Amino acid sequence: MSAGRPGIAVGLQKGHVVTKREKTARPAARKGRLSKRVKLVRDIVREVAGQAPYEKRLMELLKVGKDKRALKVAKRKLGTHKRGKAKREEMAALLRKMAAKK
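Here the working numbering is used: the sequence shown runs in plain steps of one and ends on residue 102.
Hint data in this document are derived by calculation from the structure and do not stem from the laboratory. Please note that a few of the clues may not be correct.
With a cut-off of at most 30 Å between alpha-carbon atoms, the simulated DSS-like pairs for lysine-lysine come out as follows [as the list claims (entries may be wrong)]:
#1 Lys77 with Lys20
#2 Lys101 with Lys31
#3 Lys85 with Lys102
#4 Lys85 with Lys31
#5 Lys68 with Lys20
#6 Lys101 with Lys66
#7 Lys20 with Lys56
#8 Lys56 with Lys68
#9 Lys75 with Lys56
#10 Lys102 with Lys56
#11 Lys36 with Lys20
#12 Lys39 with Lys87
#13 Lys66 with Lys36
#14 Lys63 with Lys39
#15 Lys72 with Lys87
#16 Lys87 with Lys56
#17 Lys31 with Lys66
#18 Lys63 with Lys23
#19 Lys14 with Lys39
#20 Lys102 with Lys87
#21 Lys77 with Lys87
#22 Lys82 with Lys68
#23 Lys14 with Lys36
#24 Lys75 with Lys87
#25 Lys82 with Lys101
#26 Lys31 with Lys63
#27 Lys20 with Lys31
#28 Lys39 with Lys20
#29 Lys72 with Lys101
#30 Lys102 with Lys31
#31 Lys87 with Lys20
#32 Lys39 with Lys82
#33 Lys68 with Lys23
#34 Lys82 with Lys63
#35 Lys56 with Lys77
#36 Lys97 with Lys77
#37 Lys36 with Lys56
#38 Lys36 with Lys82
#39 Lys68 with Lys101
#40 Lys14 with Lys31
None of these values were measured; they are calculated from a predicted model.
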């Protein structure tokens with residue numbers, strides 16, 4: 001018997017002394033994680049299809065420095081503040097990338 005687990009019938013650490021088993025990772029633990037293949041497919045689709053009209057409007061607003069208005073537009077189109085912020089950042093990154101390419 002170890003000092004931490006007395007193996008007696010009463011108290012906080014009561015019960016039979018056993019060794020902990022290591023649990024295997026469930027497939028659900030990686031749900032939502034981006035794979036290389038999915039990233040490649042999304043990048044190709046983005047390149048071919050281009051931006052949606054609201055995304056073009058966001059980029060125009062960001063160009064003229066209206067970040068708050070861009071967030072409001074994105075939020076209205078996407079439904080939540082968090083998604084709106086993420087989309088605004090994505091469009092800003094795209095603008096920076098385009099500016100660096102020129």
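Each hint tested on the structure:
no.	hint	in the structure
1	Lys77 with Lys20	violated, 49 Å
2	Lys101 with Lys31	violated, 34 Å
3	Lys85 with Lys102	holds, 26 Å
4	Lys85 with Lys31	holds, 22 Å
5	Lys68 with Lys20	violated, 52 Å
6	Lys101 with Lys66	holds, 23 Å
7	Lys20 with Lys56	violated, 55 Å
8	Lys56 with Lys68	holds, 16 Å
9	Lys75 with Lys56	holds, 15 Å
10	Lys102 with Lys56	holds, 19 Å
11	Lys36 with Lys20	violated, 35 Å
12	Lys39 with Lys87	holds, 17 Å
13	Lys66 with Lys36	violated, 34 Å
14	Lys63 with Lys39	holds, 27 Å
15	Lys72 with Lys87	holds, 11 Å
16	Lys87 with Lys56	holds, 12 Å
17	Lys31 with Lys66	violated, 35 Å
18	Lys63 with Lys23	violated, 51 Å
19	Lys14 with Lys39	violated, 51 Å
20	Lys102 with Lys87	holds, 23 Å
21	Lys77 with Lys87	holds, 10 Å
22	Lys82 with Lys68	holds, 14 Å
23	Lys14 with Lys36	violated, 48 Å
24	Lys75 with Lys87	holds, 9 Å
25	Lys82 with Lys101	holds, 29 Å
26	Lys31 with Lys63	violated, 35 Å
27	Lys20 with Lys31	holds, 26 Å
28	Lys39 with Lys20	violated, 38 Å
29	Lys72 with Lys101	holds, 28 Å
30	Lys102 with Lys31	violated, 38 Å
31	Lys87 with Lys20	violated, 44 Å
32	Lys39 with Lys82	holds, 21 Å
33	Lys68 with Lys23	violated, 46 Å
34	Lys82 with Lys63	holds, 21 Å
35	Lys56 with Lys77	holds, 13 Å
36	Lys97 with Lys77	holds, 24 Å
37	Lys36 with Lys56	holds, 27 Å
38	Lys36 with Lys82	holds, 25 Å
39	Lys68 with Lys101	holds, 26 Å
40	Lys14 with Lys31	violated, 37 Å
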